Amino acid sequence: MSDANDPMAEIRASFFIECEELLEALQDGLQLLYDGADDTETINVVFRAVHSIKGGAGAFGLEALVRFAHRFETVLDEIRSERMSAGADALKVFFQCADHLSDLVRISRDAGDLPDEKTAELLGELDKLLGEEGASAHDEPEPEEDIEFQPAILSLDLDLGGEDDTPELAIADLPDLPPIASTNRFRILFRPANELFETGNEPFHMLRALDELGECDVICQLERLPDFADLNPEHSFLSWTIELSTEADAAEIEAAFEFVEGLCTLEVEAIRQPEEISAELSQEMPETGIEVVQSTQEVPLPDAATNVQEARPGVPRNEQPATETLPEPEPDAPAAEVPATKTPEQKPPAKTNAPAAAKSVVRVDLDRIERLVNLVGELVINQAMLSQSLESSGLSPHSDAMNGLEEFQRLTRDIQDSVMMIRAQPVKSLFQRMSRIVRESSSMVDKDVRLHTEGENTEVDKTVIERLADPLTHMIRNAVDHGLETTEKRLAAGKPRQGRVNLTAAHRSGRVVIDVSDDGGGINREKVLQIAIDKGLVPADVSFSDTEIDNLLFLPGFSTASVVSDLSGRGVGMDVVRTAIQALGGRITISSVPGVGTTFSISLPLTLAVLDGMVVQVADETLVLPLNVVIETLTLGKGDVEMVRPGAHVVRVRSGFVPLFDLGEELGYRSPISEYEGSVVLLIAHEDGSHAALIIDSILDQRQVVIKGLDDSFFRAPGIAAATILGDGQIALILDTSDIISNAIGATGTGASPSLTGIPA
Amino acid sequence: MSEKETVKSIELLTFQLADQEYSLDIMSVREIRGWTRTTPLPHAPSYMKGVINLRGTVLPVMDLSERLGLRAREQTDRNVIIVVSHDDMLTGLLVDAVSDIIALTEDDLQPPPEMQSGQGPGVVSALTLIDERMIRVLELSSVVASVQSTAA
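Going line by line, the protein sequences match chains L and D. Going by my numbering, 605 is the number at position 605 of the first sequence; the sequence numbering is gapless. Going by my numbering, 121 is the number at position 121 of the second sequence; the sequence numbering is gapless.
In short, the hints are calculated from the structure, not lab data. All of these numbers come straight from a predicted model, not from anything done at the bench. Glycine included, each C-beta is placed from N, C-alpha and C at the ideal position. Keep in mind that a hint or two might mislead.
Which residues of chain L face chain D? A few of them, derived with a C-beta cut under 7 Å, are [what the hints assert, rightly or not]:
{"hint": "1", "residue": "G536"}
{"hint": "2", "residue": "A540"}
{"hint": "3", "residue": "E665"}
{"hint": "4", "residue": "L667"}
{"hint": "5", "residue": "K708"}
{"hint": "6", "residue": "A717"}
Okay, the calculated bits of chain L under chain D, using three or more residues with CB under 8 Å as the criterion [claimed, not checked]:
{"hint": "7", "stretch": "375-386"}
{"hint": "8", "stretch": "727-738"}
Let the sequences and hints guide you as you build the complete structure.
Take a look at the structure:
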């Protein structure tokens, strides 16, 4: 596509990637504020995130995004400068705005339709915040500060030409501000930092851009030029003072320097004729005239102005035009400006509040990683082939070849693990999406809910994270909607008013366990059972254990019912959730305590590329079962197998009777065996805790296998999840045991009710 | 070569299926492999012979004569698998033996007579004569793509 050739598209793409990081930092920051953090750094992080998004969006002409981010930023600035407090109401709006901002970013990226209505609504909310909290500022007490920030709006509004932006606010509050003269004169001090060259920028382009704005007088300052011997071609020693007569306003001038924001010292000040100033002074508050000047600086470098106000002499906040400004920064600027401007500007994307965020990261095309993963898969298979042939060649285990082989195996395993790690990502981004789901769904059902997350840094395969989003969203919604009681009920039960949903992730014995729990009323088992009976999903005359009732929620028919919405338990689409989890090689379990809450626990493999498998033989075919479903192996003795009815057998295991299936028969490899004694049986556990037994011929091995997908579009083999390549180059199929058993149940009629097998169809 | 520029020239890979001669457009053929044991897929239609390892990818293999409704072959070591690509998807076609590569122009092809109501799907798109032997040109898309519907 054109993307490949268009450098702009590439830059644009990297902007959107950066946006994701910024939005993440924004969410984190807001969450910290919500959790009671009140330090200026957190507020700065939030502010910078929004500001940087705005800056980037401006560069790509994403007007709607800029407009929204700008207003958001304006309100945040009020908080940053402590003119407004970040109360719960304000934070609620901020969260919504952050969500909306991320929507806008996504929509802008995909060039979709902008949700103007929502934008307008949230802009209204932001204005309301300004109106209420900032009301004091609008009145007498601090007119100075009020004005200081208002002109910023004015100048940007003009710049963007936003129609539905609310210029009335800005203009209405500033009736006294004189219209900007048709020809303005600005003095611009531009001193590039060394980084400006490093990032591939050219001062020449800025100067030319200025020249296009109007008439330029450029003076190049050479004071800092060192002796020839000390000259470093990669460093910047020159600075320029430009006097520009233009019709443009300060914002337009700054726009010329947009790409080097933070990489230079930039001062833009309006130069006025003395008579002009005195005329204004006589007719309005003296501050205003000056503050207009100041405002021009407020716009371009608010980042730099955040936490290093004192330490940035290079960008002084001018109180007086012309007179004081120029001489003052000159002397100390060269030494101090580089670190001062660099620190706040360059780091915001990477720097969240987490101190550990200083890791350096490489962005790699996913295709390359896929290729690497595939190659390692080949390596593992080849290693297995080599091992097999060396072992069969009858070499002494102490021979050099065998020792070398051992070392080779270890290295292969290490490489494999490391490569799999590349695809691993922390679940954090996923969890952040969930906090949004909680906010949205709780406001929808009008409940006060707090999401509590833990283990955000737990790493899982990227594909797993992507495919987990939908099921998790579903479960969180369920937890908020059905899991938590209404506020009245909570208070009546002596619980805190605010409901709580926990989302935790942790590594546990080579798998990832993600729990979604709530402190709601628990599953109303009577009601669940009643609904299942009413819908004809289970027979009415069978008694069920609590676990069995809970598992009814996973029955496919259970979800479609409209009755479910007034059910205090759960059920909406849980079968879909379970299918999605199973497709990831995971399992999901429920536990619920009446009155205390419900927990859904998802256990997932760390990666989708490798599986710990048990290699078995059935009717001359080699098959692989996921090791984690096998809980026990046994050899059948006399009288272990009982017939329930022709074609349906159970095997007696300590805990009771378990339905027995002949794998060879189920897969159509052979006719059913008649003599069970001596057969090897695998006891298989299901997500819901129920068991089944599978007859196989023999167990060959337990080892890691590389999963090779089968092209489902060609032919979907029932009961087969994927394939792998064995040491001898042959393909072995990887079984989907629950699929096999549910097929078997359907075919033989064994255990038509879930109570026998525990496996809802 | 140049005299054929005006008419579109094509090359066909011809092969034996149950003593008959069939052919495929050579552009869809990726490679030809000797027979290897396939891993059978459970509950697959009988013409689906299973899957084999093609340098690390899982390649489904079908018996072309069974697929076309011809008599099932006795499997011998001389059987070969033609790996074809259709819509970026690789499939192995098991045939009795590969014969030749022939070059001809589209003028040499004639449509089959309207009588394909017999056995097998209508997969022969054209007929041609080479040295008095009739060669059937297969329409790959209908051989491969319709598996989906039959198998589903």
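Taking the hints in turn, this is what the structure says about them:
With 7 Å as the threshold, the beta carbon of L/G536 stays out of range of chain D, its nearest partner Cβ sitting at about 28 Å, so the hint is violated. With a cut of 7 Å, the hint placing L/A540 at the interface with chain D is violated, because the nearest CB-to-CB distance is about 35 Å. Because the smallest distance between the Cβ of L/E665 and any Cβ of chain D comes to about 10 Å, over 7 Å, the interface hint for this residue is violated. Hint status for L/L667: holds, given a least beta-carbon distance of 4 Å to chain D, under 7 Å.
Against a cut-off of 7 Å between C-beta atoms, the interface hint on L/K708 holds, since the closest Cβ of chain D lies about 5 Å away. Given the 7 Å rule on beta carbons, the hint for L/A717 holds: about 4 Å separates it from the nearest Cβ of chain D. Requiring three or more residues with a Cβ within less than 8 Å of a Cβ of chain D, the coverage given for the stretch 375-386 of chain L holds, as 3 such residues are present. Coverage of the stretch 727-738 of chain L by chain D holds [criterion: at least 3 residues with CB-CB distance below 8 Å; count 5].
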